[in-house]
Amino acid sequence: MAEAPKVEEVISHHEPMDQLQGFEYCIDSNPSWGEAIALGFQHYILALGTAVMIPTLLVPAMGGSDGDKVRVFQTLLFVGGINTLIQTLFGTRLPTVMGGSYAFVVPIMSIINDSNLRQIADPQQRFLATMRAIQGAMIVASSIQIILGYSQLWGICSRFFSPLGMVPVISLVGFGLFDKGFPLIGGCVEIGVPMLILFVGLSQYLKNLQAKHLPIMERFSLILSIAIIWAYAQLLTASGAYKHRPHLTQVHCRTDMENLISAAPWIKIPYPLQWGAPTFDAGHAFGMMAAVFVSLIESTGAYKAASRLASATPPPAYVLSRGIGWQGIGILLDGLFGTGTGSTVSIENVGLLGATRVGSRRVIQIAAGFMIFFSILGKFGALFASIPFTIFAAIYCVLFGLVASVGLSFLQFTNMNSMRNLFIVGVSLFLGLSVPEYFREFTAQANHGPSHTGAGWFNDIINTIFSSSPTVALMVAVFLDNTLDYKDAARDRGMPWWVKFRTFKGDSRNEEFYTLPFNLNRFFPPA
Numbered sequence: 001m002a003e004a005p006k007v008e009e010v011i012s013h014h015e016p017m018d019q020l021q022g023f024e025y026c027i028d029s030n031p032s033w034g035e036a037i038a039l040g041f042q043h044y045i046l047a048l049g050t051a052v053m054i055p056t057l058l059v060p061a062m063g064g065s066d067g068d069k070v071r072v073f074q075t076l077l078f079v080g081g082i083n084t085l086i087q088t089l090f091g092t093r094l095p096t097v098m099g100g101s102y103a104f105v106v107p108i109m110s111i112i113n114d115s116n117l118r119q120i121a122d123p124q125q126r127f128l129a130t131m132r133a134i135q136g137a138m139i140v141a142s143s144i145q146i147i148l149g150y151s152q153l154w155g156i157c158s159r160f161f162s163p164l165g166m167v168p169v170i171s172l173v174g175f176g177l178f179d180k181g182f183p184l185i186g187g188c189v190e191i192g193v194p195m196l197i198l199f200v201g202l203s204q205y206l207k208n209l210q211a212k213h214l215p216i217m218e219r220f221s222l223i224l225s226i227a228i229i230w231a232y233a234q235l236l237t238a239s240g241a242y243k244h245r246p247h248l249t250q251v252h253c254r255t256d257m258e259n260l261i262s263a264a265p266w267i268k269i270p271y272p273l274q275w276g277a278p279t280f281d282a283g284h285a286f287g288m289m290a291a292v293f294v295s296l297i298e299s300t301g302a303y304k305a306a307s308r309l310a311s312a313t314p315p316p317a318y319v320l321s322r323g324i325g326w327q328g329i330g331i332l333l334d335g336l337f338g339t340g341t342g343s344t345v346s347i348e349n350v351g352l353l354g355a356t357r358v359g360s361r362r363v364i365q366i367a368a369g370f371m372i373f374f375s376i377l378g379k380f381g382a383l384f385a386s387i388p389f390t391i392f393a394a395i396y397c398v399l400f401g402l403v404a405s406v407g408l409s410f411l412q413f414t415n416m417n418s419m420r421n422l423f424i425v426g427v428s429l430f431l432g433l434s435v436p437e438y439f440r441e442f443t444a445q446a447n448h449g450p451s452h453t454g455a456g457w458f459n460d461i462i463n464t465i466f467s468s469s470p471t472v473a474l475m476v477a478v479f480l481d482n483t484l485d486y487k488d489a490a491r492d493r494g495m496p497w498w499v500k501f502r503t504f505k506g507d508s509r510n511e512e513f514y515t516l517p518f519n520l521n522r523f524f525p526p527a
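In full-length UniProt numbering, the protein residues as written are 1 to 527.
Each hint should be verified, as a subset may be incorrect.
[Claimed, not checked] The calculated DSSO-like cross-link candidates involving lysine-lysine, where the alpha carbons are at most 30 angstroms apart (straight line), are:
{"id": "1", "residue 1": "K180", "residue 2": "K207"}
{"id": "2", "residue 1": "K379", "residue 2": "K500"}
{"id": "3", "residue 1": "K487", "residue 2": "K500"}
{"id": "4", "residue 1": "K207", "residue 2": "K268"}
{"id": "5", "residue 1": "K487", "residue 2": "K505"}
{"id": "6", "residue 1": "K180", "residue 2": "K379"}
{"id": "7", "residue 1": "K243", "residue 2": "K379"}
Keep in mind the hints are simulated off the structure, nothing from the lab.
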């Protein structure tokens, strides 16, 4: 008769780890220049999805032409490159690409539908007037992040965050974008599904394939699968496969629908106030402030995920505040240049750090160089930007899921045999998905959000905040975590592990990961 296994053998012991292991290159180690440039280009290609999607959504509604759409796309990419360099050099110093944010869509649509702007008959004049109104609102609203960041107020607030409270927030930074995944693949299944299968196959099942001791598939599966499926999509378009298909199918599937290449100039350098002088309206600014606040919360979750996927320790409160301050400067630049939306951390690029197992800061700085370079060389940038969005949606299914699982990995520092913890995590995850879904469905049916009072600015604030999964999750999780039996639950919440990462000097590794370059810490000593 077989002997029953011992309890110790049944329960496998996985010790909680401060830093995620198994990374080839962490935050401050660098691959060879050739490999770093190729990886940087891959991050640039990935950032194009959102950079094209947001102007495609907003510019036609503003009355803009294809030429305007290309200029907004180039400006968004250009300022994104600058913001990425700023963030990696002086902000959190984490390897995060800064891109356009969907959080700003609600207040921007509210500005677009403003009756004073709707009255302008000439579409070109309406586009310019709307863009200037968006710029003015963004310039004023950026002060929220600048003040909360540089005053260290956000760092003080973050002292109420425990590993338990952060789990729903970081997870929903990924899971909350589920509508950008398979629902968009469904628009063109014959391109989206092969892309999803190929990307998973190359990046996971063939990841040990090597060429000259380089795991070529693991590192470059994204660019390889995009190239193969893009060529396949080009073939379908050229052969006339979509000639008699419905218009919506053509938009999702064809490689020549965006008119980006023909409308793009050869060389164009975006510059501040290129659309004219911004106009200021208090109601618009209040609505935009809600989006800036949402972007702050989403970025907080994304920075914590990025630190894990760069094999670094969690950013201390001081570093987090510093990053948010610089992100506010980034949104100010968005307002000055007129990018059409505000900026936040690009979640898909955070996921790519994990997929390639390269969390190097230098790679992201090279990606920023590509963003700036190709936004000036209009035609070349537009060529890459003509990749059908369905291809990006397939990639998002993998990368957003990866970021979400990083959030779940923080559960290892908590006691998940505690009923209190199970309640907090379950309720905040569920409400974080359920509340924004209600707001989205209501808006789709009624053409306005659930909050529909006479005060437009109030509607924008409510509809923006409750349409964001991480924001709802943060409010629920942090409230419950700090009010429900919290005195006796410090160990269960993971606080003994978390406490050393609250201050810059709390852990010796913080200096290695987060010290400013060029000896600037002498002038800005960490708190």
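Now for the hints, and whether the structure bears them out:
no., hint, verdict
1, K180 to K207, "holds (26 angstroms)"
2, K379 to K500, "violated (50 angstroms)"
3, K487 to K500, "holds (19 angstroms)"
4, K207 to K268, "violated (40 angstroms)"
5, K487 to K505, "holds (26 angstroms)"
6, K180 to K379, "holds (27 angstroms)"
7, K243 to K379, "holds (26 angstroms)"
When the structure is compared with the earlier hints, violations turn up for hints 2, 4 and for no others.
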